[in-house]
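If you want the building blocks of each chain, they are given just below.
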Amino acid sequence: MSMAGFGYTRPATLDEALADLAKHGPDAKLIAGGHSLLPLMKMRLASVGHLVDIGRLRELKGIRDWNGGLAIGAATTYREVLGSALVRDRFPLLIEGLDDIGDIQVRNRGTLGGSLAHADPASDMPALALALDAELLLRSSGGERTVKVDGFFHGAFVSDLHPDEVMVEIRIPASPDGAGTSYVELTQPASGYSLVGVAVVLAKSGGTVSHVRVGVTGVADHAYRASAVESTLMGSDGGSAAIAAAAAHAADGQEVNSDIHADREYRTAMATAFTRRSVESAAARAT
Amino acid sequence: MESVALVVNGVARTVEVEPRRLLVQLIREDLGLTGTHVGCDTSQCGACTVHMDGVAVKSCTVLAVQADGSSVTTIEGMAPEGGLHPLQAAFWEKHGLQCGFCTPGMIMTAADLLASDTDPDDDAIRHALEGNFCRCTGYHNIVAAIREAANKMQVGAATSAEGAPR
Amino acid sequence: MTIDMLGERVKRTEDPKFITGKGRYLDDIQMPGMTHIAILRSPYAHANIRSIDTSAAKSMPGVIAVFTGADIPYNPLPMAWPAGGVAGIRNNINTPRTLATDSVKWSGEGVAAVVAETAEQAHDALEAITVDWEPLPTVVDAEKATQPGAVQLHENAPNNIVFEWTVGDKAGTDAAVDAAEVVVRQRIVNQRLIPNPMEVRGDIGWYNPGTDEYTVWMSSQTPHIQRLLLTAFVTGIPEHKVRCISPDVGGAFGTKIFCYADMALVMFASKAIGGRPVKWVEGRRESYQSTIHGRDHITYLEIAGKRDGTITGLRVKTFANLGGRLSTIGPGIPTTLYGRVLSGCYKIPNVYCEVTGVYTNTTFVDAYRGAGRPEATYVIERAMDLFAAEIGMDRAELRRRNFIAPDAFPYDNPSGLGTASGGAKIYIDSGNYEPAMDMALAAVGYADLAATKAEAASRGKLLGLGFSTYIEVCGVAPSKWIGAVGEGWGAAMWESANIRVHLTGKTVVTVGTQPQGQGHETTYAQVISHELGIPMDDIVIQHSDTLGTPFGYGSYGSRTSSVGMTAAIKAATKIREKARKFAAHMLEASVDDIEIDGPNYFVKGSPDKKKTIQEIAFALDLGFDPPEGMEPYLDETAYWDTPNCTWPFGTHVAIVEIDKETGQVDLVRYLAVDDVGKKINPMIVDGQLHGGIAQGVGQALWEGAVYSDDGQLLSGSMLDYAMPRASWFPDIELHETVTPSPVNPLGVKGVGEAGAIASTAAVSNAVMDALAPLGIRHLDMPYTPQTVWHAIQTAEVSR
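Protein chains in written order, with the numbering used here: chain A, 173 to 459; chain B, 24 to 189; chain C, 2 to 800.
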C-alpha cells in the first residue's frame, strides 16, 4: 500500500504538461486515471520521480466525428466511452470490449489512452484498437506525429510512445459498410485481465470476406494483429470451415506466454479457439 | 506538501498531503472517516469504494491530489445522521453482511449501479459486483439486498412522482 | 410485553454500525502518539542470515527504532497442539521467533522491523536495511521433503518430519484390504489455500510505563488465549499485566485463532520506545506470507469392499504440509480433526490412517474454515464415488447401503473417536443421513439426470452432477477429550458467561467467545431474552476484551452456539433461581410456590400479583432488604463444559457444465440439505451456510496457493490468487432436516463450517461426473480451465 515518494504537478494545459515532461526528463511519468500506474507504484514495482497529471486536460477529453469515424480524447474514461451514443452507433465493438474491462470502479476512472500507453500485454484495449485500425495522435514539445496502433506495441509495457510525448487522441476510421464485429475473451480469474482476448472486424462483399482485422491480446508479450488469420480469411467465403482453418494460425509467429494460469500449450490452443469464436461471431453479425 | 481542497459528504475540507498520499488515506486518516476500508493492495477488492464526483471509484487507486476540487461521498454520507439509505436498509433487512468489512464498498458500488440501472436483474447485479470481494456471504444475500433496494427505490420514486405537484 | 425471539429471523443488532461505516476494526483505531511498525521479510524461502545492517535505516526520516531478532529476548511462539493420542509419539517442534535470528524457513519470515512516525516512513526505511544472506536449497512439496536427499530444514526433524501419527486398526484394515473383492486406490491432493478474510490481521501494542502494563489490540478470534500464550509462553510478562482487546473483526475463518510473532513484536517495540503505541497492519500481499494458509495434503487412499456395495475397509496415508515452522495448533488439524472422522457418515468396519506432518519452505499451515474435516470429507466422498464407479453402482445407492443406521447411535467410529485417551468418550451421538440425501436428490431432480445431461449436450456442454453426504464434528469440545494429555491442545475447552441484571433492568451479558461476523450479539441476546423474559433491546452482549469478560477459549470450530451459549443459559438459570428466591421474599410466599412465566414471577394461582424480573432486579440490586443469607445484586457467572461434540450432517449437490473446447467449468446449480439441529436465528444460519459453501466451491474451482520450486509464492497477491466473485455463483438453494443435538439444551450443533466441509467434495464429484464419459477418473483441484482442458486432451489422445 505504501508508495515511495514522488513530485506531482497538474498542469492546466497540454502545452504546460509537455513543458513539465521535458523539464523532469525520464524521471517523469504521466498519470490520468491512474489505474495502470498506481497499482504498480503501490507494489513499489514502478519507481517514479515526478508525476504529471493530465487526467483533467480538456484537450485530451471528448469524442468527436473524424472522417466518419471517431476521434476519442486519450484521457476519456471507459465510462464516458460506454455512455456515448456515437460510439454505440459506430463502434459497437468498443462497447462490447470495454463493458467487461475491470469493474465499474475501474471503468469510471480508467482511460483509453492510459491503457494503450501502458501497453499491458493482457489488457483488452490494445486488441480492440488493433482490430479497428486505430491511429494515435502523439504530441511532444517538439511537435506532433500520428502513428498506427499496428506497430505501436513493442513488448510488455513497452510502446512507441516517447518519454516526452503525450497521447492526445485515438482516431478510429469508419469501418467498412456492413462490417460485423466481435470481442471474446478468456479471463484470468484472479486479475480479471485476459489470458486470451480476440477482437475482430469483418466485412463481406459479394459472398467473400473483403475486410478482416483480428487483434489479439494476452497471448504474447504485446497485443498483435493475427495477420496469418487475416490473410487466410481474406477472399474466403467466411464459412465455418474457412474460419476454423484461419483460426489455427492465431498464434503464428508469436512467442506465446506461459504462466500459472495458462501454460504455452493451453494458451496457444485458446488463441485458436477464441479466434474461431470471435470470427464466427463477427461473420454472423456482418451484413 | 500539496494542498487538497475537496467537499466530503457535503462539507468543504482542505488537507495538506504528500503527493504519494492516497485518497483512502486522506479519508480514513486525515478526516477520520473510517467506514471506508482497505482490503487489498492490488486495487481489486473494492472495500475502499467511495463516490467521487458522482461515480464509484476505488479510493486506494486515486491520489489524494487527484481529488483536489472534487466532491466525495463516503458511506458515512449516504444518509443523514440517524437515517438509512434504501441500500443500507436492505443490507440490514436481507442479512447482506456478516463481518461488515466489505459492506461500505458494496453499498457504494451498488449505488452507482442503481443510479444507471434502476431495475437490474440478478445477472446485472452480480456483474456489477465484479470489483467488490466478500468472503463471508457467498454474495447470495448481497444480491438479494441490492434487488430489494432497487424495488424499494422504484416504489419510492413512483410514490414521490405521484405526490409531486403537477 | 416481551416477545420471544428464539428461533426467529431477527435482524442483527450489530448491523446499524456496519452499514453506516461506524464499525471499528483494528486499523480504524488512531491514538495520540501512535507509531507504526513495518517488518522486513525474507525474500528467500530458505537461507541463513550472516548479518543484518540496520545503520542506514536508523537515520532515515521519521525512524524511531530498528530491531532485529537479536534485540528481542522472547521465547519462540508456543506449540499448543502437538499430534497426540498415540503411545510414544514424538513431535519435532520448531516455532517462529518474534523475528528470525539465524535462519529463515519460508519466503516472508520476518527478520527486522522499523518503528517510525508514519507507516510510509517505516516502509521507506525497510528498503535501507541490508541483510547478508546465505541462500540454501529448498523444498516445498511435503511428500518430496520426506524423501532421502531432501534438504533438511531443522536439526531436530530428520527427513523434515514433524510427526508420524496413526489412528485405527492397522492389522484389521490391512487384512480387510487384502481380502477385499474390490480395492480402489487413488492419490489425491487437497491443495493449499489462502484464507483471505477481507480484513487482514493487525495489532497495536501499548506499554504503559506508569503502571508497567501492556494493552494489545489484535484482530483475533481468541483474545483470552492470546493473553495466556503471550505472557506464560512467549514474553514472560505476568498475565495480569497484559490486557488483550479484539475490536470488530472483519472475518477470520481460522486465521485469527493463533499466536503470531507480530503480537509479541508490538509489545516489545512499544516498551522499547518508551511507551508510545505501536501499530502493525499487514498488507494483503504481506498477509499471504505472514498469516497461516490452510489444507495442503497429499493423500493415498485405498477403499475396499464387495461388489454388492458393502465397504469393508478404508486405508489412508497422508502427507500434511505444515510449513517452514509450526503455527499454534498446526499439528492438531491433520490428526485429531482429520484422521478421526475419515469414515464420515458410513459404517466402515476397518479404518486405518497414517499422517506424516512435514516441514517445507512455505508459509505455516493451520486451521482454515473446517480445518481437517473438509480434507477428510474430500477423501471419503471422492472414495465413495470412485468405488461406485468401479463396481458400476449408483452413487446414491452405494451411500445408502453404507450409512450408519439411524438406530445405531451413539456410534463409535473405528478411527478412534471413542477410544481417545483421557477416558473421554467421544461418539457420534445422533444422525439420520438417508432422509437428507433423499430430500436433496429429489429436490435437484437426480432421477432425471440423464435427460438433464442430454439437454446440456445439445448445447455442446458436458454436464455433471455431484454430491457429498457429509458429517462434521464440531462444537469442540469436552475438556476431558480435547484437553487430555497427548490428544488435544493441553487446555480445556469449556466456555463462560456472566449475566448482570442492573438496577434499571438493563442486562449486561459478558462472554468469553469472540465474534468475527457471525452475529453473536444478536443470537446471544435472543437466547438470554428467551431465558429471562427480558426484551432484546434491554440486553447487551459484551465480548472481546480480557478486561471485563470472563476467560473463554474464543470462537472457532463452530462452538459458540453449542458451548458458549449453553454457558449463558446456565448463568441465566442461576439468575432465574436467585430471582425466584427473591420474588418469594417480596411476595411473602414460599419459593416452591413461585411460578415463572417469561419475565413474570408470581404465586401459584395469582398471576395478577406478579413481580417482573426487572422489578426484582431493582429491589435486589438496591439491596435494602435481602432475605437472610442472600447477597445483593442479580449477578451470576457460569461455566459450561459440553459432554460431547456435535455432529451436523447433510447432503450437498452441485451441477456443473463444462465447455469441452476451453475447459471452462460453470457452476450452474447448488443445493444443500443441512441438519444443524435447532436454529437460534435461521437467517444467520442460512448466511453461514452461504458463505461456507462459497469458500468450499472456491477451493474446488478456482483457489490455490502455488509455490515455485525455490519457494516463491507465485500466487502471491489477489492478482494471482483467485478470490471468488459474485458473478461466478448461482443462487444457493437451502433445505433442512432438523435433528436436535442431544448434548445441549438448545439442541443446536453449530454451522460455521458445515458449508465449507461439504461443498468442495460435492463440486469435485460434479466435475468428475461431467468428465467421466471421457474416461477421466480423477483430477486434482482446482478445476481451472487449463487443468480440465489438459485432462480432456490427454483423455482424447488415449482413447
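Hints are supplied without guarantee of correctness; some may be wrong.
Said to hold, decoys possible - Below, in silico cross-link-like pairs of lysine-lysine (DSSO-like), each with a Cα-Cα straight-line distance of 27 angstroms or less:
(1) C:Lys605 <-> C:Lys575
(2) C:Lys23 <-> B:Lys175
(3) B:Lys175 <-> C:Lys575
(4) C:Lys611 <-> C:Lys579
(5) C:Lys171 <-> C:Lys318
(6) C:Lys481 <-> C:Lys611
(7) C:Lys454 <-> C:Lys661
(8) B:Lys175 <-> C:Lys579
What the hints assert, rightly or not - What follows is a set of in silico ranges between Cβ atoms, one per label pair, in the way DEER data are often shown:
(9) A:Asp431 <-> C:Asp439: 54 to 62 angstroms
(10) A:Asp431 <-> C:Gly275: 46 to 54 angstroms
(11) C:Glu118 <-> B:Val178: 47 to 55 angstroms
(12) C:Gly275 <-> A:Glu427: 52 to 60 angstroms
(13) C:Ser459 <-> B:Ala181: 26 to 34 angstroms
What the hints contain is simulated information worked out from the structure, not anything from laboratory work. Positions of the beta carbon are idealized from the N, C-alpha and C atoms, including for glycine.
Right, here's what the structure says about each hint:
Under the criterion of a C-alpha separation no larger than 27 angstroms, the hint pairing C:Lys605 with C:Lys575 is consistent with the structure, at around 21 angstroms. As the CA atoms of C:Lys23 and B:Lys175 are separated by approximately 24 angstroms, the hinted pair is consistent with the 27 angstroms bound. Pair hint B:Lys175 plus C:Lys575 does not hold up; C-alpha atoms about 46 angstroms apart against a cutoff of 27 angstroms. Restraint check for C:Lys611 and C:Lys579: the C-alpha separation of about 16 angstroms stays at or below 27 angstroms, so the hint holds.
At roughly 12 angstroms between alpha-carbon atoms, C:Lys171 and C:Lys318 fall within 27 angstroms of each other, so this suggested pair holds. A distance of roughly 44 angstroms separates the Cα atoms of C:Lys481 and C:Lys611; the hinted pair therefore is violated under the 27 angstroms criterion. A threshold of 27 angstroms between alpha carbons decides the hint, and for C:Lys454 with C:Lys661 the separation of about 14 angstroms falls inside it, so the pair holds. For the suggested pair B:Lys175 and C:Lys579, the alpha carbons sit about 48 angstroms apart, so the restraint of at most 27 angstroms is broken.
For the hinted restraint 54 to 62 angstroms between A:Asp431 and C:Asp439, the CB-CB distance of approximately 45 angstroms leaves it violated. Checked against the hint of 46 to 54 angstroms, the C-beta distance between A:Asp431 and C:Gly275 comes to roughly 49 angstroms, which is consistent with it. Distance hint for C:Glu118 and B:Val178: a CB-CB separation of about 52 angstroms, consistent with the stated range 47 to 55 angstroms. Between C:Gly275 and A:Glu427 the CB atoms are about 58 angstroms apart, so this pair conforms to the stated range of 52 to 60 angstroms.
Against the hinted window of 26 to 34 angstroms, the Cβ-Cβ separation of C:Ser459 and B:Ala181 comes to about 43 angstroms, which falls outside the hint.
Checked against the numbered hints given earlier, this structure breaks hints 3, 6, 8, 9 and 13; the rest are met.
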